[in-house]
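Produce the complete structure using the sequences and hints provided.
Residue numbers (the numbering used here): 54 to 191.
In case anyone wonders, no lab produced these hints; they're calculated from the structure.
Among the clues, some could well be false.
[Said to hold, decoys possible] Below, a list of computed lysine to aspartate or glutamate pairs in the DMTMM-like style, where the Cα atoms sit at most 20 Å apart:
| no. | residue 1 | residue 2 |
| --- | --- | --- |
| 1 | LYS130 | ASP83 |
| 2 | LYS130 | GLU174 |
| 3 | LYS167 | ASP79 |
| 4 | LYS130 | ASP79 |
| 5 | LYS130 | GLU142 |
| 6 | LYS130 | ASP146 |
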Amino acid sequence: MAEQIVGEQGVTEQGVNENVVRRLIDCINDRHIEVMDELFHDDAVMHWPQSGEVVRGAENRRGIYNAFPQLPTITPKRLLSGGNLVVAEALLDYAGPSYQTVFIFEFRDGRIAKETAYWSEAFPAPEWRSQWVEISST
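Shown next, in the form of structure tokens:
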């Protein structure tokens, strides 16, 4: 992942926020989901627009992550941040299906206040566009 952002006064706010996202990815990959309580506000909201689900608060977040049939392995691809916003592109691998994912994290006082996540399985490019596009490996 990207290196820590350091300015004259030390780690910048956006660097701190990116480090929180890195810790989140690490705690899920290490299967230490209890660390999420340190990273999210108790009243944080998780929004999954594709399914229409909204997870409100720490108790509901814990319930979902403790009941997850299988947590994914997350491979981060890119982090972009500014102010209280961090966007992460990642690959989620569920030991079978893999999903290209975009997470949008909104921060308040150095902790996650809102997470919005979009994910999709890869699909073949349609032939009709082939003369105008290149096919990437990711």
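Against the structure, the hints come out as follows:
1. As the CA atoms of LYS130 and ASP83 are separated by approximately 18 Å, the hinted pair is consistent with the 20 Å bound.
2. Restraint check: the Cα-Cα separation between LYS130 and GLU174 comes to about 16 Å, which is no more than 20 Å; the hinted pair holds.
3. For the suggested pair LYS167 and ASP79, the alpha carbons sit about 19 Å apart, so the restraint of at most 20 Å is met.
4. For the proposed pair LYS130 and ASP79, the alpha carbon gap of about 14 Å is at most 20 Å, so the pair holds.
5. At roughly 5 Å between alpha-carbon atoms, LYS130 and GLU142 fall within 20 Å of each other, so this suggested pair holds.
6. This hinted pair checks out: LYS130 and ASP146 have alpha carbons roughly 13 Å apart, not beyond 20 Å.
In this structure, every one of the numbered hints holds.
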